[in-house]
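Asks: Chains A and B, in that order, are what the protein sequence lines are. Position one of the first sequence corresponds to residue 3 (the working numbering), numbered consecutively onward. Position one of the second sequence corresponds to residue 1260 (the working numbering), numbered consecutively onward.
Heads up, a few of these hints could be off.
Simulated coverage check for chain A against chain B, where a stretch passes if three residues somewhere in it have a Cβ under 8 Å from a Cβ of chain B [what the hints assert, rightly or not]:
#1 4–11
#2 127–140
#3 227–236
#4 312–326
Please keep in mind that the hints were generated in silico from the structure rather than gathered at the bench. The beta carbon of each residue, even a glycine, is placed where N, CA and C say it ideally should be.
Single-letter residue listing:
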Amino acid sequence: MSRLSDALLAGTSKPVQIPALLVLEDGTAFYGTACGAEGEAFGEICFNTSLEGYFEVITDPSYAGQIVTMTYPQIGNYGVNLDDAQAEHPALRGLVVRDMCFSPSNWRSELTLPQYLKHEGVVAIEGIDTRALVRHVRDHGAMKAAISTIDTNVENLLAKVRASESILGVNLAKTVSCQSAYMFTTGNLPASKAFALADPAPKKYKVIAYDCGAKRSILEGLVRVGCEVEVVPWNTPAQEVLVSSPDGVFLSNGPGDPDAVIETYRQAELLLGNVPVFGICLGHQMMCKAAGARIEKLRFGHHGGNHPVMNLLSHQTEITAQNHGFNLCYPSLGPLCAELSGGVSHHADDLRFWVERGIAPVVENKRYGKIQLTHVNLNDGTAEGMAFLDIPAFSVQYHPEANPGPTDSHYLFTAFTRLMDQCDNYLDINISQDRLAGWDFKRQGA
Amino acid sequence: MPKRTDIKTILVIGSGPIVIGQACEFDYSGAQACKVLREEGYRVVLVNSNPATIMTDPHMADRTYVEPITAEFVEKVIARERPCALLPTLGGQTALNTAVELAENGVLDRYHVEMIGCDLKAIQRGEDRKLFNECMEDLGIETARSGYAYSVADALSIVEDIGYPVVLRPSYTLGGAGGGIAHNQEELELIVSQGIELSPAKEVLVEESIEGWKEFEMEVVRDKAGNGIIVCSIENLDPMGVHTGDSITVAPAQTLSDVEYQRMRAASLAVLEKIGVETGGSNVQFAVNPNDGRMVIIEMNPRVSRSSALASKATGFPIAKVAARLAVGYTLPEILNDITKATPACFEPSIDYCVVKVPRFAFEKFKDSDDTLTTRMKAVGEVMAIGRTFEEALGKALRSLENGRSGLGVDGHAPAADSKEGYRDLLARPTCDRIVYVGCALRHGWTPQEIHEVTGIDRFFLDKMADIVAVQEALRGIDVEQIDADAFWVAKRHGLSDAQIAFLTGSTERTVRARRKALGVIPAFKTVDTCAAEFASSTAYHYKTYDTAESEIADAPDEQQKPKALILGAGPNRIGQGIEFDYCCVHASYALAEAGFQTIMVNCNPETVSTDYDTSHKLYFEPLTFEDVMDIVEAEKPYGVVATLGGQTPLKLAKALENEGVVLMGTDADAIDLAEDRDSFAALLDNLGIMYPPSGDASTLEEAVHVAATIGYPLLVRPSYVLGGRGMAIVYDATQLKRYMAEAAKVSPDHPVYLDRFLESAIEVDLDCVCDGKDVYIGGVLEHIEEAGIHSGDSACCIPPFTLSDSLVHQMCDIAHRLALSIGVQGLMNVQFAIRDQTVYVIEANPRASRTVPFVSKATGVPLAKVAARVMAGEKLAHMNLPQNALDLEYFAVKEAVMPFGRFPGSDVVLGPEMKSTGEVMGIAPTFPAAYAKTQLAISYGLPLSGNVFISVADRDKRSIVSIARDFVHLGFTLVSTSGTAKTLKACGVPCKVIRKINEGHPNIVDMISQGEIQLIVNTPFGHGARADGYELRLAAVRYGVTYATTIAAAQAFAAAMEVARQDGLDVVALQDLKQW
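Looking at chain B on its own, in the form it has when it is part of the complex (with noise of 0.2 Å):
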């Protein structure tokens, strides 16, 4: 059947803000549908308020409006362009809730919109726990035994019937958020009230537990016309009762005999056609008792997942670009296989190689959150490897995860118990750090058994990590002059790093790597290929593996004569490094491949764009270690490196990969340098006569206090080369200062610790620019809104500034100028500018791409990553004809962070130096209290417009609150306070009600909020790490969903935004209507 020629406008919705359980996985299937919808002839209009991906590129869709994703929106969107269609399966659970919404209300039917890919009845069907159920029944297929509670007594009467230990999964919610496993009463309690609160449908389901048993997910894909194939298994390593997304997985399935296998696929099948999937990707999950085979049903997503696209990188499958297809009317086999071009997209792909997929956490970011492994989504990315064997891709997937270390322990990082016994608990709890426990268990002779008795991790994994532990054990304190060449095959095939090998036998990496080298043990680069070889294909997927015989990695003919540059990518998604860096890295592979080069990307990053096949003339699925980028640079020999763009990661390569004569395109390593060592650094600016606020530095306790002195308190300490603020915080007097100094010694003990005079109350200002050496193109000017001292990721801002004057912006790009040429910078630089008493002080400057740029690019309409990219390859800004006044916007646009509070029970909610976020969102208005407005609709959903606002600030708040207070009393809110913030509001003739603090009894303001009577809070929290009141009030917020502002700057904006949402001022704006360059 042809594609579809009555539907000429199909409507798109993304998935918004990263948040955890939504990451930029919906990126990559987004703009894949994008770019196959209009391939196909349509026009697409795309409505996501995510500015940081690709996705919301204005080339991508026809019609792209950055707005927020809710029906209120959407509907507006609808009504101003008409689409024929609406495809809502590409856009993870945000998408398919809104497409509900829209359709239950009506408006898709006022709007003659159909629903494609999908209808609101399988969707149904799908994420309702009893229909789903009736569905399973039918089939015959088991689910675990259950029933729902709408109350706690409820849930008491379901646990008399299958006992304890029972699973609690809250109906509709985000990557199972709210849900746990309750093993006794008290947790039941505590979780099914919770659940309740956060469900849409306020009910929670009880559920047997099946905790322990085997976990898989069956990738599936179907077509209209009945044609059903599975496309990827995966196996869990953890088994249930750790979140999938928290779970470690392999593909495809290791431990399953072909009848259980082939089992779980007619069920699969059987489901997407019972469920009415007719067109499109599902996933389907199932757990299977260890002891004799019984399966069970978990669940299926009737949409494209974090795992599909898992599954499209672990097997060249690209599920959204097929799943586009199939819902404008094409059958699986009259689409091709885009990797071989030969063969059709219906059938299965078989690899001939393992893929790994380890979890990245960030619980180092929230200190007093349970790091505990449940039901409930934690992980804030993920990465992949490829190997021919587990072992080997076990190996490089611990690697990649940029938290320091090397491959399974070994690698001086690895923590470890006093004794046998000590690691029981630390193996019984699942953790980020399991993993590394088993290691360290096998290693303090617990038996793989012993092992599976206490984790329930698969007795196949085990061995396999036993057989890596015996071998790194075999090597251990042998020379490395002893190592012959079968030996480090036998190594190397086992997953070891040069660096776990440099540290088994007391030598270095690089050592390591010229013994290895001279002894002819070097890698082979194979392809990813989907059909194991059996057709030819042309598509350059290439992952490393340690086998003799043959690599694949001649380049295509057409290719062959143009120069080659690496694109280094950014790894795993995580708190201070997110997506805004892949969406750097693909411009900069776009616009390298305009430029005339042969495009290489690297990245081990499973959800980005950056990571598709086709975004780069070729790509390496591998870690960005210096062992293996070095692999690659030797097997490609490239002309050069792109390190710049990719955040962290790549940077702190550089040095690394100059050192061995790599050439980096653009900013060189030693002005990397100048700008990351404060002392030189702080000579430049010196030099040039900007004013920063004094400084110094300490590498003990003692040397701060006494550098502290001279500075003056508060100050902003950090360790040097960090990312996202890690480490980072404001001490206010010496007390305060030794206790970081303390902790942060952990962070990066090599490293001195920076200490800065913090400005307090000062603007805080981003600027992102691009020089090329001789000019310097300012790409946009920021305004936070919260002021200095929040780090600028958690921070809201603005472009262009609301409150500067034009000569501070003026002074502001001078400094810019002359910082970039005196520094050396060939690409992006950003430079965070502190403004107090119309001073203008030099925060930092970094000579890298920043987390701004692609919510520069959007507002400006011009893409700096690529300007950037073709500065790198040689080409000239004054040849670019950019736009003279970038700063001279009609719109404001405004970027808020998306906090992952919620998914944190324990941390602090308060905003610091320290970045907590996972994303942000992006709201374009005239103005910009409506331009804020749309931000905080973006995130929450839904902006208070009436009832009890909280206010409490701190002592030094207390005079600024008072003409907000009066905002929002204008408004129509009434306010509620504690006793001091109250004082100042009744003698300012602010009228508000008194309530009890925590501690001053019932009812006192956590009552209120828990009972839903506090539509707002403003709390002002002072210093770092208060515990003081605020942190149970902030804790309460979260629990109950309340918008709270934790800084006057925030309760301000709200004000001001309420007052433009309450008059519905805020119509929608497409990015192409605004200036494009």
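Just chain A, with the same shape it has in the complex (with noise of 0.2 Å):
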């Protein structure tokens, strides 16, 4: 930055400008300042395009180990509350933005983005080509990368790019999960989003959640449903679980390789079952690991408000929040039952096969017996759902929590429950009428 135009932007919202560099992997750079804390950060770079709750991005748990960039360009307009936060503090490496803003609006934001970054420590570079950045991610694949104010040499930070460590095969979850055991109530709901939210469930199932970096709104959506939530570690063995003899348990989210989460997988399989378990997307990745399915890295993964998903069990399509790099491959789940599968015998690659003929299709697994593909994305069509026939088990990759994102897939919450009521036909939900089920309209706030 020059003095010049240092001295225009003297009169503006911008702090002093801070130079900064990120870094990928296969020597990309691109220069731009700070705009969180300073320092040096490195990770998987990906991107998300929700374009409203930047915030619940930053701080869901499934972000450990990563750059996260955002592609709407202006990052931070309405500022934080602390009670949108996914978890008490973000677990993402560094933020990449185009243009972060200093001078939010809105009436319950307590502090500013990069006030709240500096505070977590989060390495952050604004004034970049972040849409350049995305294409070149979407062509070459994941990659590691870097964000450095201490170094802005390329060379040197490419170096240190190489020599980090990749998230492959790492067990994240372990470093987002909590130490021990807590209760989740009512009383644990955030007050300043009342405003918006119907008013909880009356308390009826004692659930236990499997916490591997369990997004909080996932846990506040127990609640609402009337769950009594005791949330475990990632690891807690299955047999102190079912002592307990809960209602149900829940499978959290949470961040990178489904394969290197061992300790959870082994206690799904000895869950499934014997207890109600529903998963969300590590969670089911969990679940499917359990029955013998093999996992695969996406190439670039899904990560954003706005990925179509097919109920086949309803044919209705439902908007959803998705943030994942690794993918059930639905035909290891087991070889297809042709009866109850329209008489298809052979696994077809793209699942929208299934979408164009209206058709949830059945695979027998040598573990658990029959399981029911629920979702497909329209997108790409990868699997995002199944049910467990013959066990009391279903789990989807996606987030029906959203936060951020739309809330079209509430209902799997309240499938939850018709689970644990012992309901044969538990997802047979109206989906338009449970997606007003959350909300109150007729509030404000204090």
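Given two chains presented individually in distinct reference frames, assemble the corresponding complex, making use of the accompanying hints.
Replies: Here's what the structure looks like:
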């Protein structure tokens, strides 16, 4: 930055410009300026396409190990309300934006996003061409990267990036899981969101939630449909859980490579069939692993709030929040049961095959019997959800709790309560009616 | 679910003439719908009275009826074409209202026509406030507290409960016409009484005021399987209180946190479901209290709208196209995303840029009207700009407006107050200039918080504007040679134009540009792709931004070998430059593509077909300024630029572009100058021995008076380089001339004023032709109904001429021929003639597309713009096999102008040399009166067939009114006159009642009008700006919706038209049954 450019910015909301550098593993470099904490951060570069909800993204524990690029260019516009945080502290490594807002405006805002980032020590860079970056990542796949305000020499930083640890094969879940069990109840619901949300249902179910980096809004979602939730660490032995005879067990979302989260899917193996189980994201992958399925890394993950997912049971589309880099390889669950799959006996690579035919196919799994494919991503034909037909369990790859994102899939929380109530057709719920159930349109804030 | 096979023929209703609140966005949506429905194999029948649309091009539908959009005429079309289904949701409120009428009066049932895309009950629930409020109550969504008034007394009692201020909305009116905010009893009584008159249901909603709240709009699409998506959220910069069409708006919403946004999203989807919008697009508007998040729903429209056109352009998601497919049975997941061609349309677009829309106003045309922005829309057009930040997009939008400004202030044109305090009123009152005053106030020491308290504009926007102003002020006075690359990047990313930087640094735009380029500060071009680059997309829809890393404008593989033609669009709709020019640009794009060019469109108007991403090979959504166009030229390196089809906007860039070495396709800049420059043009006419009214020019008042004395009064006076007759007037004496000079100097200070002898009572004629340098093709000769002196854009005209002899027509064709060749026209030319005493005078010749091109093309079946584009591409007229007898038509086609006076209370409705109309309609019939009658029906949706005709004319018209008056009597009307005219009528044996003038006490003529006792008014004024009785009278006519004629010629045409209408001899005609080239 030149003296004149600093002078031009001197009267604006921007702070004094501190040069920063973003370097990708393949040598691509972007110069920008610091807009969070100063320092150096390493992680896997990824992006999120949500137009709003940047704070929920930043605090989502599933981003552990990653440097997140927001595709919407102006971030921080409505500030930060700490009640919207998905975890006590952010787990991402760094943040990349086109333009950071230092003068936010919203009645709920408590502090600016840069203030929050600084306070939490999150290194962030602004002023770079995020669209070019996203196109690069899209075309070349996810890769290691670094942001630095300390060392803005490309060669130096590139060498450090190449030497940094990959998140492949790393168990990141244990880094964001709680250390010991705790209760999450109506008392934990944030007051500042009450203006928009319906009152929670009366407490009816006892649920134990495995915390592999659970988003707070998932726990809130469970409480709102009438669950009293005991949150337990990612590796809590299944026997301990079963001993306390909960109505259901929930397996949470979490960061990184599911293959590395061995202790959790080993517990899932023991839980499935013995208690109603519901899994989201990493939790879903844990159930897949428990069933012996193969998980693949997506070329570039799903990170955004606008992915269409077809519910093969209701034939309705849900616009969903997504955040995952790994995905179930559906055929690896087992061979198709042709008689329950419209007579089809050969697996299709692209699962939109089933969407076109309006069929929810069923496989015969060696360990747990029949498993039905319930949800398919319409953008790329990947698996998004499954229901075990012979045992009480179901899971989705995407995020029904939203936060951020659309709430079309709120019904899955309701479905979990129906599963615990032993309804046969627990997934048969009118989506649009249920979408309204979580909201209150008439209230206002204090 | 696949498409329906049980329906074969679909009737689509358009939106009719361009009026305020309903503009060419419906040409865009209608054209998209027709295209899609035909692609799907349906037979499409279209009714639309607006000839200037792409939609009414004969190839867009199987059967095209340019007929009045009334239940009566649509029924005739239904009877003739027997459609299986009616799609009413793509033609705005006009189409929806007509569809409701056809459903309610049983026509649809009688002919077994199914309404698709929306049903009657849904329309009613969406439009009827009572039903709507009940639905919202069921959903638990709050509406503003309110009640219905059928009288002023009702309204007063409602206000007792909810208190002032209250918002008043008459039911079922277009664009909120007749609505307003009342702060006290006086205002309440005025607005309610007017609103009840205007409302077809005679009711007015009285509502709690939520003025000052944040305003949001959600664009929603839903299918019959119950899938719903939000295409786009829009946040208004102007808070509640200003009609959303008059507000600066920003997409996506900027100041909503996720929980607030998702709540609004869930509510929006629920609203569509509850109202019963089975398929299609709708918008839902909300107000949010900025202090506590309380959310109130304002309204929803169960159809595509202006904002859905905006949302389509803002996101790349083609709402109308998708809505049309949904209407015939598809579901969202079955439709492909048009942009990515790989993902389904069932998703919510993610955008990685900021979009700002700014409305364009025309208050300068309506001098005495109130320019305060209210809940009643007054904008005549809009611009949209895309940038990576709000700052960048705002700067672009403000320089797109075609009002001489170059961005947010600092361009030498920004108004200023004397003191800091002087801004208070300028900020408090919402006007079209308020955004500029915000910039000025920030410069004069107002803080964003202080401005927020006065304007209610959210701090987010004000803080961003404060940043822009801070950068501007830090740049002020710096030598342009001192500006380095980093500083240029900062300035550019804050939306500053080269022109603004030049103003701040005391330099010139060319110098700034040269310096900037030398430093390597060159913009990147990004792509609108619906998905924030998550997926690859092949659609070349671009915008410019000051990002360093990457441009995305590579040519498609199959286009690489083609020469590129850059077509400059027409910019925002405004009076004098409307949809006609967009029509021409679109035709040029089609024709040049056929001729083997890669076509590149540049425009900033979101309402148009030209800015549809699939009209041209590439689309640049950019301002039409020298800087922005040159940036594109340098990036694309086109073979040539088309500047003569988009009206004045691109034309005035022609010279500057040519100076930079850009090749202008078609007529070159020198030829344009030759025709525009009075002296050289007069010399040319002298040379060719062509008559023209004596003329002169003057730069000062003294000169003007002197020139006037030589030429003689009356005079037509105008500033140089104008379109739409801006600043034009007829002056009858030296006093009027002096007043004009004082006002006109403000219009265009650098250019002289022209004075032409005004040929009173002459017949005016327009001629459109195409010249290829060798041959001239006469496209059409249009005889005006109003005499010379009424702006040609406001005058009704008829093709073929109905009173002119063949020899006169031949003379005019011959003159046009010689002129076109002498000027060196390569493309379109329009010549205006005046004929007096069988002598042909040339008034002006414009070597560019004229407003009448689409009308002429429809009337003759020869698409002139297309022909012109092919000429520009090098083809010869002789090889095009054009019809030789284009002037020999079986039908008469009449074009009539549509006036917006109802929107501008207080302004005079007299027609003059300054254009005031917003749009036009066309009537086609075997006789002139029948065609004229159709145009009147198309505008007023009814012709008086009996009752009282009020006649009061200027002295010079007294002789000619007698025979017309006799015709009215003959038709069974009773005549009512003021004493002067009555004297003439009685003397000639025409019976009439005498009524008091306004200044003669009560009951007078205005009393009669207000009591609904007058069905037609004939009132001709004398001179310009006459503020006599006639003014009050015409105001009353507008207020009470009484049909009026302000010229003798129009009165005559009215009489003839009413005779035809009474005989019900008006049959419908499809364009496809006329001659087509």
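Asks: Now, for every hint given, state plainly whether the structure supports it.
Replies: The hints, checked one at a time:
Coverage of the region 4–11 of chain A by chain B holds. Counting CB-CB distances below 8 Å, 6 residues qualify, and the rule asks for three or more. Only when three residues or more bring their CB closer than 8 Å to a CB of chain B does the claim for the region 127–140 of chain A stand; here the count is 9, and the claim holds. Restraint check on the region 227–236 of chain A versus chain B: 0 residues with Cβ-Cβ distances below 8 Å, three needed, restraint violated. Interface restraint, the region 312–326 of chain A with chain B: holds (5 residues with C-beta to C-beta distance below 8 Å; minimum three).
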